[in-house]
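Based on the hints, put chain B in the right spot on chain A.
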Amino acid sequence: MNIFSYLTDPANWEGPAGIWNLLLQQLAYTAASVAIAAVIAIPLGIFIGHTGRGSFLVIGVSNAARAIPTLGLLVLVVLLLGTGVGPIIGVLAVLALPPILTATAAGIHGADPEAVHAGRALGLSERQVVSKVEWPLALPLVISGLRSSTLQVVATATVAAYSSGEGLGRLLITGNATRDYPQMFAGAFMVAVLAVVLDILLGGVGWLASRHASPGRRTSRSRGASPRGETIDQPA
Amino acid sequence: MNLDWAWIQRNLAMIGNLLVDHIILSVLPVLIALVISLPLGFLVFKTKRVANVILAFLGVIYSIPSLALFVMMPLILGTKILNPVNIVVALAIYSIALLVRSVVDGLRSVPASVKQSATAVGYGWLRRLFRVELPLAMPVIYAGLRVVTVSSIALVSVAVLIGSGALGKLFDLGFGSFFYTPIIVGLVLMLALALVADALILLIQRGTLPWFRKRRTA
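Chains as they are written, first to last, in the working numbering: chain A, 19 to 254; chain B, 4 to 221.
The shape of chain B in the complex, shown without the other chains:
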């Protein structure tokens, strides 16, 4: 199982293009999901008891296999099956399903005594939310964000079965011609991408939440 370096050199431009596609298809849904999940998670948190019902429903969505969701997207969006929008929207739905739970779990983890103290020293609800509750909820939200990002990077490749899939195309290429090199290149690049993305989020977390630095290592 030797790598065919000549093939890699010849196809460097193609591999680069697939890598860029892969980054866009996996990062865009996470960003969309983050923007939607923060306010949505707060609203779900505010519903108190109903929140558990909503979270259970999101859990069910989360259990639908990605390939099935990709294929069902045209029905919901009215798009063509090959349209990359299907993948972005499907992955955004998964990410929202998990991130809303993270936001709710994070907000629930803030001790009541801390919230009461903030009110007692004169914080209004909005300022309390942004200055006290959200900062304390962030470690849980960051943990969800890392899971969602790393999973999205791995899931994009599944879409090759319906004719898209960015770096996943390298798997198809290798499988069709019994040629290992593209498969290994695809695997290595996707794992590296996941690792870099994970490390990047961890760095942002350390930078934005310096007061957690000593205690949290997860």
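Chain A extracted, bound-state conformation:
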């Protein structure tokens, strides 16, 4: 049995259930969920990081989020709200929230105090301190948060095929049901490649942002001793 047989047959790439289309669906689910999560988590993270209020909330949320069995949450919400696209994206967005929130709050809170004081001394308003000093310094960490949540969502979107029938997870589920290992392998392979590509891509963006945030310094203080130390990623 050649396990690459499904992947190498051009007929499996075309059509509504073809690999290209499933890949696009997977990306659409991921982009929509991360975007929704970012719109909520970034302003909230800036508020928490700047004022220091509610930081216990951030720690609690990020610790608890690791323990949530994503499949269980997904199945429960789909049974309660129906199998439409909306509930699935809702669950994915909820799972994408904690990494962005934690990273944004940590980045803003950890912005070099000397730079912040200098900004105030120059007469910047509180709003300008946030937008012109703290935000640019926090950006590398915010991007690392977006990266963690994107990886979390790409993985969970695969699991979501269980109820939606869309995305690359469909190959895994159909393949498992029909005992077609090459088809399952095709799904697994594509999901793994997609996750690794997104990880490297967003890692590159983060690297560019950290160079921009502190030019001339190879290990910037705003990133802390270890950028992952603040927001330890979780496997998904």
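Read the hints as simulated data drawn from the structure, not as lab findings. Treat the hints loosely; a few may be bogus.
[What the hints assert, rightly or not] Partial selection, computed: residues in chain A whose CB lies under 7 Å from chain B:
{"no.": "1", "residue": "G90"}
{"no.": "2", "residue": "N194"}
{"no.": "3", "residue": "V214"}
[Unchecked claim] Below, computed lysine to any residue pairings styled on SDA-like, alpha-carbon distance capped at 20 Å:
{"no.": "4", "chain 1": "B", "residue 1": "K83", "chain 2": "A", "residue 2": "F22"}
{"no.": "5", "chain 1": "B", "residue 1": "K83", "chain 2": "A", "residue 2": "T196"}
{"no.": "6", "chain 1": "B", "residue 1": "K83", "chain 2": "A", "residue 2": "N194"}
In this text, all values refer to a predicted model and were calculated from it rather than measured experimentally. Beta carbons: idealized from backbone N, C-alpha and C, even for Gly.
Chain B alone, transformed into the frame defined by chain A:
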């Protein structure tokens, strides 16, 4: 959304069996990973500059979604797709990918002055490692261990999509018949398991590193 207590009572034995399966499938990979990661992390730490390349590679492995890794295991191990060994090995790989990083981060966090002082009062490298560096690195390693354990407990359930998954089977059961009770039971048991495991590691940490007790609360 009321819980069907009669169903729970009727299926108590089955739920108990799934719980035991779940504990084995999630704890075994972490123990294997811990035994491998401590020496491996030390070796990676010793490679100095190359260490960052190795850690970046481990980061890439860490980004592969669990379901994909479960499905790819038979290819690497030559096992059948339903074999629980796939899950144990896949979760052990994830755990190693994070724990090696924790060990390296922990060892790197030991101040050079402390290491020099230990050498100055006559510690050999092996005794310095076990009596000075490792104890000081342990809080970082314990933090990694907690993340890995809690994540493993949650990830085992994903394997239900390929016909295994211990407590995850309760999700499948409930979803297939539009029946909430098994799903809630599965969620509650898995969250409780994660909470107990996390608290247990924290207790072990407090017990084995009493000198950190006052300063560290994370």
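Hint by hint, here is what the structure shows:
1. G90: holds (4 Å)
2. N194: Since the shortest Cβ distance to chain B is 6 Å, the answer is holds.
3. V214: Interface hint status for A:V214: holds (6 Å vs cutoff 7 Å).
4. B:K83 x A:F22: holds (17 Å)
5. B:K83 x A:T196: Satisfied, since the Cα-Cα distance of roughly 15 Å is no more than 20 Å.
6. B:K83 x A:N194: Status holds; Cα separation ~12 Å.
Checked against the numbered hints given earlier, the structure satisfies every one of them.
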